[in-house]
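The listed protein sequences correspond, in order, to chains R and E.
Going by full-length UniProt numbering, the first sequence opens with residue 1, and the numbers climb by one from there.
Going by full-length UniProt numbering, the second sequence opens with residue 1, and the numbers climb by one from there.
Keep in mind that the hints were calculated from the coordinates and are not lab data.
Predicted model only: the values in this text are computed from it and were never measured.
Quick list of in silico lysine to aspartate or glutamate cross-link-like pairs, EDC-like style, CA-CA up to 16 Å:
id	chain 1	residue 1	chain 2	residue 2
1	E	206	E	245
2	E	231	E	259
3	R	321	E	41
4	E	321	R	280
5	E	321	R	285
6	R	235	R	191
7	E	235	E	252
8	R	206	R	244
9	R	321	E	44
10	R	231	R	263
11	E	321	R	44
12	R	321	E	280
13	E	225	E	191
14	R	235	R	215
15	R	231	R	259
16	E	231	E	263
17	E	321	R	41
18	R	321	E	285
19	R	206	R	245
20	R	321	R	302
21	E	235	E	215
22	R	235	R	252
23	E	206	E	244
24	E	321	E	302
2 protein chains.
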Amino acid sequence: MSNRTPADLAPKLLEGDRRALARAITLVESGRADHRAQAGELLEMVAQSGRQALRIGLSGTPGVGKSTFIEAFGLMLSAQGLKVAVLAVDPSSSRSGGSILGDKTRMERLSRDPNAFIRPSPSQTHLGGVARRTREAVSLCEAANFDVVLIETVGVGQSETLVAEMVDLFVLLMAPAGGDELQGVKRGIMEMADLILVNKADGDLKPAAMRTVADYAGALHLLRKRPQDPKGFPKALPVSALADEGLLKAWEEMTTLADWRRENGYLERRRAEQARHWFEAEVREGLLARLRNDPAIRAQMESLGATVAAGESAPSAAAAKMLDLLRN
Amino acid sequence: MSNRTPADLAPKLLEGDRRALARAITLVESGRADHRAQAGELLEMVAQSGRQALRIGLSGTPGVGKSTFIEAFGLMLSAQGLKVAVLAVDPSSSRSGGSILGDKTRMERLSRDPNAFIRPSPSQTHLGGVARRTREAVSLCEAANFDVVLIETVGVGQSETLVAEMVDLFVLLMAPAGGDELQGVKRGIMEMADLILVNKADGDLKPAAMRTVADYAGALHLLRKRPQDPKGFPKALPVSALADEGLLKAWEEMTTLADWRRENGYLERRRAEQARHWFEAEVREGLLARLRNDPAIRAQMESLGATVAAGESAPSAAAAKMLDLLRN
Numbered sequence: 001m002s003n004r005t006p007a008d009l010a011p012k013l014l015e016g017d018r019r020a021l022a023r024a025i026t027l028v029e030s031g032r033a034d035h036r037a038q039a040g041e042l043l044e045m046v047a048q049s050g051r052q053a054l055r056i057g058l059s060g061t062p063g064v065g066k067s068t069f070i071e072a073f074g075l076m077l078s079a080q081g082l083k084v085a086v087l088a089v090d091p092s093s094s095r096s097g098g099s100i101l102g103d104k105t106r107m108e109r110l111s112r113d114p115n116a117f118i119r120p121s122p123s124q125t126h127l128g129g130v131a132r133r134t135r136e137a138v139s140l141c142e143a144a145n146f147d148v149v150l151i152e153t154v155g156v157g158q159s160e161t162l163v164a165e166m167v168d169l170f171v172l173l174m175a176p177a178g179g180d181e182l183q184g185v186k187r188g189i190m191e192m193a194d195l196i197l198v199n200k201a202d203g204d205l206k207p208a209a210m211r212t213v214a215d216y217a218g219a220l221h222l223l224r225k226r227p228q229d230p231k232g233f234p235k236a237l238p239v240s241a242l243a244d245e246g247l248l249k250a251w252e253e254m255t256t257l258a259d260w261r262r263e264n265g266y267l268e269r270r271r272a273e274q275a276r277h278w279f280e281a282e283v284r285e286g287l288l289a290r291l292r293n294d295p296a297i298r299a300q301m302e303s304l305g306a307t308v309a310a311g312e313s314a315p316s317a318a319a320a321k322m323l324d325l326l327r328n
Numbered sequence: 001m002s003n004r005t006p007a008d009l010a011p012k013l014l015e016g017d018r019r020a021l022a023r024a025i026t027l028v029e030s031g032r033a034d035h036r037a038q039a040g041e042l043l044e045m046v047a048q049s050g051r052q053a054l055r056i057g058l059s060g061t062p063g064v065g066k067s068t069f070i071e072a073f074g075l076m077l078s079a080q081g082l083k084v085a086v087l088a089v090d091p092s093s094s095r096s097g098g099s100i101l102g103d104k105t106r107m108e109r110l111s112r113d114p115n116a117f118i119r120p121s122p123s124q125t126h127l128g129g130v131a132r133r134t135r136e137a138v139s140l141c142e143a144a145n146f147d148v149v150l151i152e153t154v155g156v157g158q159s160e161t162l163v164a165e166m167v168d169l170f171v172l173l174m175a176p177a178g179g180d181e182l183q184g185v186k187r188g189i190m191e192m193a194d195l196i197l198v199n200k201a202d203g204d205l206k207p208a209a210m211r212t213v214a215d216y217a218g219a220l221h222l223l224r225k226r227p228q229d230p231k232g233f234p235k236a237l238p239v240s241a242l243a244d245e246g247l248l249k250a251w252e253e254m255t256t257l258a259d260w261r262r263e264n265g266y267l268e269r270r271r272a273e274q275a276r277h278w279f280e281a282e283v284r285e286g287l288l289a290r291l292r293n294d295p296a297i298r299a300q301m302e303s304l305g306a307t308v309a310a311g312e313s314a315p316s317a318a319a320a321k322m323l324d325l326l327r328n
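Here chain R stands alone, though its shape is the one from the complex (with noise of 0.2 Å):
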């Protein structure tokens, strides 16, 4: 782990060395309190640069081509000469045995290229653990120069909010319809949504997909005006990752709307927000944290528990105790 030290990973992460932000990502990842405070050095060290990256957030069942058009608009990206980092949230990845991004062959072209860096998700039972580990993977890649930052995640439970929460724009990326059916889209997930993509726009299914955008778009029309967002967004556009169609266009509208929230300082209110609510979240977490972690309070906890179990003392009575405990 010497070369995992905070003062030998923070130089080569500013230069944008791969291997080192693998390495600064694994250690944030890390459970171990050595590891957790290295980990709080390293960010510490490398906040000053300043750097941020447009973040962007795409969800999206199995099945809508989700590699693909990962693969696809990355390399785009890549192709006009930026950098992209991409990231998964995937809660259910411990229980489901393999996470999603875990396979790098499926995105074999995009993992080979110098711009792109892709992570998978870390095996992690618990959501909120998942969402600061990703945030700080998310500042790890500002630092390490990324322009652009995708943060991947399946279209299941709570994951979309929580990937919500950490980014300037929300993808979501859909299959074409049959029929004129939604795809019980939520209406929470659609009032997060910034942009839809109606993927597979191509061949035989191109008319379906036409029409399912124009689905989305009526759905999208009837959702209430937010001030954060410039005329006609919330927007519903076709993509064919397979056929590299659509890619450029779609870029264009997220950076459209990332300058115009810029512009009117929208992106730097969402972000101070964003930041403020992690904040709190992790102060509460760690204050849980302790409960379960520290020896002397797990201690207090099981005494005082066994006396509440016992019927010797009520559970309020007890919990007042360990309060006041607590407090001194």
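Assemble the complex: chain R is given as a structure, and chain E must be docked to it using the hints.
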């Protein structure tokens, strides 16, 4: 409030005085710090009675005839010389404006019965808060020598889980279903049920009710056998609150189950686990409440939060600093 001091209330409560019980519950429902302290004192004083009621959770969606059932069931228990207290957990009450049980005219006869005590749900948005107050109200009812405490909940959200975590038995009240479709009972709720009672087994609905009983019995049969259940449980039974039929049988099944669990140690073990669970939950809640309520801590959170929002420190670093401050 002088007649609500713990020293005044405790002896009257232990004598079974219903007015003292109502005042004591008002005390535990209060959010004021001095009331909280008095409530704690009172609970400690009466805990020594060592009295225990049979705690029954009752869930059912609107329209199944829950009030009619509770009234008929309560009167039947009273006729046997048993004292019955009815509490309600309705986290939605503050939103809907009227709590379940808020209108005592719904159970006019039972509310006038000297053996009965009916208490509406407190107006609370916070589920955790409702939980603590309800648990404390159960303890007060037990101290006041009630034999049965019935906790009513609406069949929505997490209120069932919450109630299941504070009772000895959990009963689901259902209406006769049309045809052979089960009424979309979630598997999780099914698994919590010890007894499913199909109400309205009278008149024209009787055949449908009997078929529904058979359907539920079949569905319950498919569930994994639980060690804490004697042979034949969980069960489905027909009842008619209106015609006063099947209520005694339902009560006999409840006591059979409770007696078996008591004799085999499951009842005590469940209560011990529940108490420990509530103790831990209260410590967690109390810790987090201090972040919100302690003026000095709040000011510190505000000031660190502002540096994070301004980009002057990373969320993790600020959180670590805050946690250090909290530790010392």
